[in-house]
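Following the hints, complete the assembly by docking chain A onto the known chain P.
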Amino acid sequence: MKSLSIEEIRRLLPDVEELRPLLEEVDAAARPDAERRWTASGELGTVGERLVRPDQVDGLIPEVMERIRERTAALYGTAAQAIHALADDDRQGALDALVHGAEAQASMGHPGVAEALIAAALRQIDAVPDRSSALPALLSGARLARAAGRWQAAESRYLKALTLARDADDVQQAATAAVGAGNVAVDRGLWALARSRYDEAETWVRRLGSEAPESWHLELNRSIVAREEDRLLEAEEHWKRAKELATGLSDREMDGPTRAILSNARGQILHARGLDEEAEVAFKHALDAARHPDARVTIAVNLAEVLLERGRALEAGEVARDAEELALGARVTPRLPEVYRILGRVAAARGHADAFVLFERALDVIRGQRLPDVERARTLEAYGRYDKDRGEVQTGRARLREAAQILARLGCRGAQSRVQALINE
Amino acid sequence: MSQTVIGLISEEGEGEAELGAREAGFQWRPFRRASPFLEALTDVPDGVALVSLEGPEGGVPLATKVARRPDGGDRLLLSAPGASLELALTARELGAGLLLREPLSAADLARELRRRSRIEVGIRLPAPEELADDPELVGSGYAMAQVVRAIAEAAGVDSPVLLSGESGTGKELVARAIHGASERQSGPFVAINCAAIPEHLLESELFGHERGAFTGAVARKEGRFQRAHGGTLLLDEVGDMSLILQAKILRALEEGEVERVGGSGPVRVDARVVGATNRKLDQEVEEEAFREDLFYRLAVNRITLPPLRERLEDLEELVVHFAGHFSRRYGRPVAGVDREVLRRLRAHSWPGNVRELRNVMDRAVQRCQGGWIRPEDLSLGSAAPRLSARERAPVDGYPPTMSLEEVERDHIARVLDYTDGVMADAADILGIHRNTLTRKVNALGLRSEPR
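Same order as they appear, the protein sequences are chains P and A. If you're matching positions, the first sequence starts at 330 in this note's numbering and goes up one per residue. If you're matching positions, the second sequence starts at 2 in this note's numbering and goes up one per residue.
Chain P with its partners taken away, still in its complex shape (with noise of 0.2 Å):
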């Protein structure tokens, strides 16, 4: 019985959601082929070219089976608490129902079923008599939105909590509501917008103290938004303060996914100043500190990035390799285009020059896995890039016009300035 490769089976089998969970596993399974290892395509490889055995595929259904059982079961739970409340008139036990099932639903990688919960709850909003009691459902429903890359409906959904959360004088909330608006300003590069978002937020997150999460996060939110506009001092100044705070939580050593996100930014700052040496080290501390797959993968893209640009191809290429396996093996596949994207810089640096597979796997697995449209914006400005570089500026330009298309759609100027700079050139 010999293996097959991910791609063999992708084109084998329908493209429906029944079978997207199985397959998720399938990839997850998959190990590099053993006799690429060595050949000059072997760094080209990506998850299609991935073998699995037949045999492995019949061990993954009961576990698949399994998820699909408890997801559908807490579904159906959801469906019966709504039901039963909204039986007893109580509309707000039947919307706290809707978003509770809605995290539940997220939390197990069914964003789009989260959303169409959330949906439904924010339905229920107006037979709600205190209209606070909605603040979870469109937090909640902001965050989702804010994941999907769906910024517009992110923005507006944490507006509205900032309204309600203000009316009501709920700190906590409103802290995070504006916050969150910060930070999808951040997502759309809207800087200016961002640094008033985050003024706003600094009134509440006072009142919540200095020992609130709250305060490091929009310190540190505040250096991501000075490194963007490369004031890089006062990036350092908000990333110091927001360090301090976080320290100051507690009498231990801050924990790690903390340090993981301090350090990363600090990489970000010093790699923005040209520190190249340094950035190395901040980042490689945050990949030592990191625990969330998610995380781990950021940091090793970044990693990767600083290596590469200090002309350190192979090793970048390896962490870039290393952050690919994780994404498999922790079944966080949507973070396979940047990882993609990375990997095909690394491969056109190592002078392949079929290194374009890479960009096309990225497109690949963001039109498999339905990836929000900024992914396929970030992928084609790489791609585009790439394809100037090479010589190819009729194809690069028309990949680049619509990364802009998809960017100005999103309301990301900074970015869609960033593309049509290049397209420019």
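Keep in mind that a hint or two might mislead.
Just the calculated beta-carbon pair ranges, DEER-fashion [to be verified]:
id: 1; chain 1: P; residue 1: 577; chain 2: A; residue 2: 444; range: 38 to 48 Å
id: 2; chain 1: A; residue 1: 414; chain 2: P; residue 2: 409; range: 49 to 59 Å
id: 3; chain 1: A; residue 1: 281; chain 2: P; residue 2: 332; range: 40 to 50 Å
A few chain A residues facing chain P, derived, Cβ under 8 Å [claimed, not checked]:
id: 4; residue: 19
id: 5; residue: 20
id: 6; residue: 65
id: 7; residue: 197
id: 8; residue: 220
id: 9; residue: 330
id: 10; residue: 331
id: 11; residue: 353
id: 12; residue: 356
id: 13; residue: 357
id: 14; residue: 360
id: 15; residue: 431
id: 16; residue: 432
id: 17; residue: 437
Which bits of chain P does chain A cover? Going by a derived footprint, with three or more residues having C-beta under 8 Å, they are [to be verified]:
id: 18; segment: 425-432
id: 19; segment: 639-645
The set of hints was computed from the structure by calculation and includes no laboratory data. The C-beta atom is built at its ideal place from N, Cα and C for all residues, glycine as well.
Quick look at chain A alone, frame taken from chain P:
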């Protein structure tokens, strides 16, 4: 005082052996019988033992006796008529590494003796200005000389070439060398890797496409055949192409025409095609996985590249080349390569051939502190593209009664044992930073002697 070569070989080979030894600055002491030969080896502890595997007094048993002495493998130099795999394996098992061909050539022996002298002290790198920028092919040993001769022959004609050899042996470099020495040298050299590109994209990459021919065809694009017009097209990993595309390649070769995807007519192309593969294409033809007609079209000229383990005589040259190359690239001065490094490199099996050696030297130069590349700078295990943690997991597993800390301690100890205590290699395998490993080693009370 000069070193001595203590030889027990056939009488006919003695003249060349003496010349070769002298040329390398060694004394020559020939013997006819095993016992005085072995006594002489005891008397001259740094002497090199030259034994013919098919010589008088039974070559293999005698060589085995030498190899069993302390440092015996390092002192042993073997010769044999021809170079069968069996003899090469025997030489490797005895720790002798290279097998000299008989009839002995003074030049071969001198080169090997000089190389061994270098291993005794390590290699000092030439000054940067003395290093060639980036020579296309490195290696002056017998096997590479054969390849260079074949390149010259292939460059003199304009027919297709089929390059075969294991992964990482330098097939693209050879294709470039053929192009550079051919009448097409002023034309373009274009390469495409047929295994790297998904099948649905490969056709358009090879033959080009019209705008809008398929989703993603954002602009009209010339294929690699067209881009190689007037020059050479390397079809790397050609054996991985589907039969449908093989038919289209055959047509391009036979008729000198290609058709763009979504195009309305053929386009004339004049490109010399070089195919490269790490597969046994003749076998694939028998199994009907590769078209016979395309195989014979490509295989007009055939060049087989030797794996690195069969051209270890070139290893030092390659090491010097890559050390110099990466020293310049990273701006890190490298004065030389420690002798223990050379020993380890020679003992490695090189499944990834020169590509693997290149990666090993890339990392070694980056890690090198103080100018000399030392054993702790080598990462022979992790130079390979990384495998998943699952693939690295021990097959026997751990008993379910062990605590996480016990598993961690045990596993780290195993990995350190595997890397001979080299912390950097162990950290690579464990996927953690070296400082983290040091902390863990201290915290878990593991003794290690970081090198």
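Now for the hints, and whether the structure bears them out:
no.	hint	verdict
1	577(P) with 444(A): 38 to 48 Å	violated, 27 Å
2	414(A) with 409(P): 49 to 59 Å	holds, 53 Å
3	281(A) with 332(P): 40 to 50 Å	violated, 20 Å
4	19	violated, 42 Å
5	20	violated, 40 Å
6	65	violated, 33 Å
7	197	holds, 4 Å
8	220	holds, 5 Å
9	330	holds, 7 Å
10	331	holds, 7 Å
11	353	holds, 4 Å
12	356	holds, 6 Å
13	357	holds, 6 Å
14	360	holds, 6 Å
15	431	violated, 12 Å
16	432	holds, 7 Å
17	437	holds, 5 Å
18	425-432	violated (count 0)
19	639-645	holds (count 4)
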